[in-house]
Amino acid sequence: MESTFLHMNLDQSQERLKSILDMQDDVVFKEVYIPGYDRSGLFVFVNGTMDYPAFNEIVLDLSAAQVKTGHPISIEQLVNSKICSVKEEEINTYEKANEQIFDGKTLLFIDGMSTGYVLNLEREKTRNFAEPTTERVVRGPKMGFIESLKENIGLIRQYSSHPKLIVKQQKVGTLEKRELALIYYEGKASERLIKEVNERIDGVKETDFQDTGMLEELIEDTSFSPFPQIQNTERPDKVLSALQEGRVVIMIEGSPFALMAPTTMTMLLQSPDDYYERWVAGSFLRILRYFSLFVTVFLSGIYISLVSFNPGLLPTELAMTIAGTRENVPFPPFVEAIIMELTIELLREAGIRLPAPIGQTVGLVGGVIIGQAAVQANIVSSLMVIIVAITTITSFTVPQYSFGLAFRALRFGAMIFSAVLGLYGTTLFFILVINHLSKLTSFQEPYFQPMDFIGGKTWKDAFIRLPKRKKGGRLS
Amino acid sequence: MKRLWMLLLIPLLSGCWDSENIEELSLVVGVGIDLSKNKNEIMLTQQILVPPGYSLQENQAKLKYKNVTVSAKTLHEAIRDSLLLTNTVLTNHQRILLINEEVLRKIPMEAIINQSIRDNNTRRSCFVFLTKRPTKDILERADDGEIPSNVIYELKDNVKRTNKILPPLTLGQASSSLQSDGSFAIQAVEIKGGKLILQGAGVINNSKLVGLMNNKDIESLNWLNGSVKGGIIETTHHGTPFSVEVDKRKRRKIVTELHGNHLTIDISVGYTARLSEDWYGKENSYKESYLKEAERDAEDKVKQDVEKIVGKLQHQYKTGVAGLFRYVQNQHPKFWEEDKEKWDEIFSDADINYHIDLEIIDFGSKGGIK
Amino acid sequence: MNERDGKIVSGELAAIISCGMLGIGMLTLPRTITEKVQSSDGWIVLILDGLLIGLLVCLLVAMLKKHQVTSYFTYMEEAFGSWLSKIVGLLIVSYFIGVASFEVLAMSEMVRFYLLEDTPEEIVILTLILASMHLLTGRIKAIAKVCVFFLPLTIVIVLFIYLLSIRVVDLKNIQPVFSKGIMPVMKGMGTGTLSFFGIELFIFMFGLVKNQKKVRRGVLLGFFIPVVLYVITYVLVVATLTVPEVKAVTWPTISFIQSFEVKGIFIERLELFLLITWILQFFCTHAIYYYFAAEGMSRIFNNSYTTNLIILVPVMFILAEIPKNTIQIFKMSDMLGYAFPVILIGLPIVTFVIVQVKRSRRSR
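Taken in sequence, the protein lines are chains Y, B and E. Residues in the first sequence are numbered consecutively from 1, following the working numbering. Residues in the second sequence are numbered consecutively from 1001, following the working numbering. Residues in the third sequence are numbered consecutively from 2001, following the working numbering.
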């Protein structure tokens, strides 16, 4: 597009702008008179983005300006001095003006000048910092990120004043340009990683993102995986510890979730309070989480294969109990399990979508009443209800919601394999999951590193959390 | 990548070959083997658990059972024939195997348990018992709705409290023993007063039943074998009965000596015990000499018993049930290699010296001084 | 820790070797050795053999290090020339394919016997081969991770089961030591070496290790984990089942675990765990041999690794279908057993000597 330079005459400018912004009813034109110089000024801005108190102050300042005879200053100098605190840049084309207006900026044109001033009188519409809703901790900072990138970065800077903390910002998107920030510690994050991240972001620069979740999918290593390869968080403390570990953090304007890359499976199973609580409790909870992961995925599968393929491997008394509870159930264990697991998943989904007070009721009504009724109606066996309840509870223990989702989905795979090949099928599915994890990478770093569990320096932290002093006084 | 997953899904289309729901199986807990009235056939009785059925009103559902009896030439055929009567049989949970005396007199034991050992389902930890009565009767003897197989299974745990029961013999042990020297004793089950009891034992040699023992013999055999884990020695002193409860085995040493083909076995064992009952009016347990005397009386009693059973083994059954062959094998491997086949004769001619050392370390909460 | 360089660390080397060794051997070893030794001295055989092969491994590592071998196939090319080395390479590859199909076959046999009686074996065989292929697209790094994960799992579970078995073990059964003198033990040592199937793999992994200094440590660690497990297994199994019985049962280790029940914990039948862990081990062994077969083929024919993976699926499947009964399966294992010492001992020494001669001649 050919750029048109601004007119010297304010009226002409105003006319021209009005014709450009013809369709936009929310653009406001406000004239101001500067008596000392006998000039008019014109403010142009989009209604609703303006911080009125600040605006009023500038208007007052300008209209009160007097020409000092002793050392007269030009109108440019006057305006510049009055608006220096909010001035961003000077423009001289209408196209630029158009762009800036919709970026939430206020434009100031002065009669007889061919440059316009871009003022940042934007009032950000944000909520207050609050406790993160998705990652609650019992003990630890209760602050969570909000939808404003500026505030979020401010928060990080507030906690980490180190000059080597690098924040790189760029605009991404085509229709709605948004600020994207890449944050890392220089020297800690490897060059290769930063290069890799930059390359990947460059590749998707043209996309409009409403949330980091959309970015995550576009820059992860492979989409054909149920597992999230990038960790997200609402917690500044988590971000800071990720930065210290030499990882890269990506944030986008308008999203309270920061992305942290690379990620490993063990990281997704750690919760910040592991470090804030005493180490025995922290380690216990961590081991509990690994156990519950296994239970989430395989318990129903094992039930199916033991009950319908190898009842001989059950203890005799248990076998009798199960046979008893299943006596009048018309479905094979697989169907029984699928019915119950699906019901629970449905309830869970319904509970999330509904407003909070009703959501809980649905969970309660569904869980208790349907479970009880299904048993009484001999549709499922009572043991199945217990198993489904256990797998549901255990799936909640994963600190990272998206990671937990992956395992909830995998559970059905385990059930199908068990239903076809019994215990061998369950084992086969286990093998496949481990195969997949072994091949998975996150920004070219191994996602699943069993060496961490047995050898190396990090295993202690993967499985159990030892007292901090023994780790050289540094949290990792 | 994606295609590979699809390939793995192909088998899913064709369905589940082995799937069989647990409630549609017959869970066998006990098996009894008798001779059939038909010639050359054996009769197999399977005790099958019937699921109690679940209802919310009834909290305590009792287990029920049914017995299925069929006759056939071989065991496996019998098991297959039983399928004409009941659901698919699942022998994984089989806990006991009862064998009637008559069967063992006619058919080698190795043949009887062959199928069970060979089968991948029957576990080697299942227990083997002998019966005098037809096993069918025993498996039908219900008491308060209890399952006879479970009753027998639980009775065998009492071996810690009494020494009138032989240590339980599992299918695996039976098979191993039959492979090595083929001679062992097997606990018998009886019905007495309408109840199932463990009583008597059979002596197996070379896969055949060669004799029967009573409870007294079992007790003595346990002493000889060193398998006493508890129980009572009752004898008399000063003309009144008293009893000593065996506490712990301190040591057991067996030395075998060879002079040509003549074998001498020295067994010496040490036990701690508790004076658990004393009818003697002038008891004085606080005096060491009194306890020593009691010890000696009890020791003599055991020694006599053991001598009796050794005599019986050597002359009546002519077999080394006691597992003493292991010691000969370990201590004189060359000799064993050469004369393995003649073990029964060597055992019958051997001198067996038994020495027991009891030590009463406790006399309960009453000692009595008079 | 970069994923792309395809190198493994010595710990991973150890895990791969251990997983490569722990296959069918563990389940049948008490029987095969007892058959040959005819007494309960098999554990001595295992220990002696273990030490002997341990020494040999040290020697081989020193030899390979001296010649700075980075890839065994190029090393062979140096020794035998282009054509002959291709033929030798092909023989080695066929040995790998043989072992890979044998392991999958043995597993399907075990699965059929203990878990899925009526499911067609083809399904079990095919699913396992495909699962391996799924893993192998990730090459050696993926294998290493799987092995590192499965090995401790196996060790922990097996030791746990063994710990619970103490009650039924009667050590009198494995006495006396040297009941028949030293001769049968010496004779048994030949068969004993066959239990260490899988150790030959380290020759082919030599160039893949990141830290060359730690190769020997890794190999020895990987070698002695199975040796120790084997000795423990042998002692426990024979002590529980007695010598004549061990000779008579097909899967002595599973029979051993079936001979006891543990009361009081949720699962009283422990063979469940053994079967599961052994499926994992069979899978690992199979995948490792499969990998080296495919890798070797791409060296020989200069074609892509992925193509070879796909070609090998039907080859292994058909090979695993050939033996019709249990006896033939054990025969197949014997046949592979003859090739094993050649590849472990004969080939490296011959190659070493030829290369040594050639190099010294050139330097002159």
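Hints are computed from structural coordinates only; laboratory data are not their basis. The structure presented is a predicted model; accordingly, all values stated were derived computationally and were not measured. Among the clues, some could well be false.
Pulled a few chain Y residues facing chain E out of the computed Cβ check, cut under 8 Å [what the hints assert, rightly or not]:
#1 PHE224
#2 ILE369
#3 ALA373
#4 LEU421
#5 LEU428
#6 VAL433
#7 ASN435
#8 LYS439
Simulated crosslink set (DSS-like; lysine-lysine; CA at most 27 Å straight-line) [stated by the list, open to error]:
#9 B/LYS1250 <-> E/LYS2172
#10 B/LYS1248 <-> E/LYS2172
#11 B/LYS1334 <-> E/LYS2065
#12 B/LYS1334 <-> E/LYS2213
#13 B/LYS1340 <-> E/LYS2066
#14 B/LYS1334 <-> E/LYS2214
#15 B/LYS1229 <-> E/LYS2172
#16 B/LYS1334 <-> E/LYS2187
#17 E/LYS2172 <-> B/LYS1312
No residue lacks a Cβ here, since even glycine has one placed at the ideal position from N, Cα and C.
Tested hints:
1. PHE224: Status violated, d = 12 Å.
2. ILE369: 29 Å, violated
3. ALA373: 29 Å, violated
4. LEU421: 7 Å, holds
5. LEU428: 6 Å, holds
6. VAL433: 11 Å, violated
7. ASN435: Because about 4 Å separates Y/ASN435 from the closest Cβ in chain E, which is inside the 8 Å limit, the hint holds.
8. LYS439: For Y/LYS439, the interface hint holds, since the closest Cβ of chain E sits about 4 Å away, which is under 8 Å.
9. B/LYS1250 <-> E/LYS2172: 18 Å, holds
10. B/LYS1248 <-> E/LYS2172: Holds. B/LYS1248 to E/LYS2172 sits at ~21 Å (cutoff 27 Å).
11. B/LYS1334 <-> E/LYS2065: Roughly 49 Å between the alpha carbons, so the hint for B/LYS1334 and E/LYS2065 is violated.
12. B/LYS1334 <-> E/LYS2213: With a Cα-Cα distance of about 50 Å, the restraint between B/LYS1334 and E/LYS2213 is violated, given a limit of 27 Å.
13. B/LYS1340 <-> E/LYS2066: Not OK: B/LYS1340 and E/LYS2066 at ~56 Å, beyond 27 Å, violated.
14. B/LYS1334 <-> E/LYS2214: 48 Å, violated
15. B/LYS1229 <-> E/LYS2172: 19 Å, holds
16. B/LYS1334 <-> E/LYS2187: Within the cut-off at roughly 19 Å; holds.
17. E/LYS2172 <-> B/LYS1312: 26 Å, holds
Checked against the numbered hints above, the structure violates hints 1, 2, 3, 6, 11, 12, 13, 14; every other hint is satisfied.
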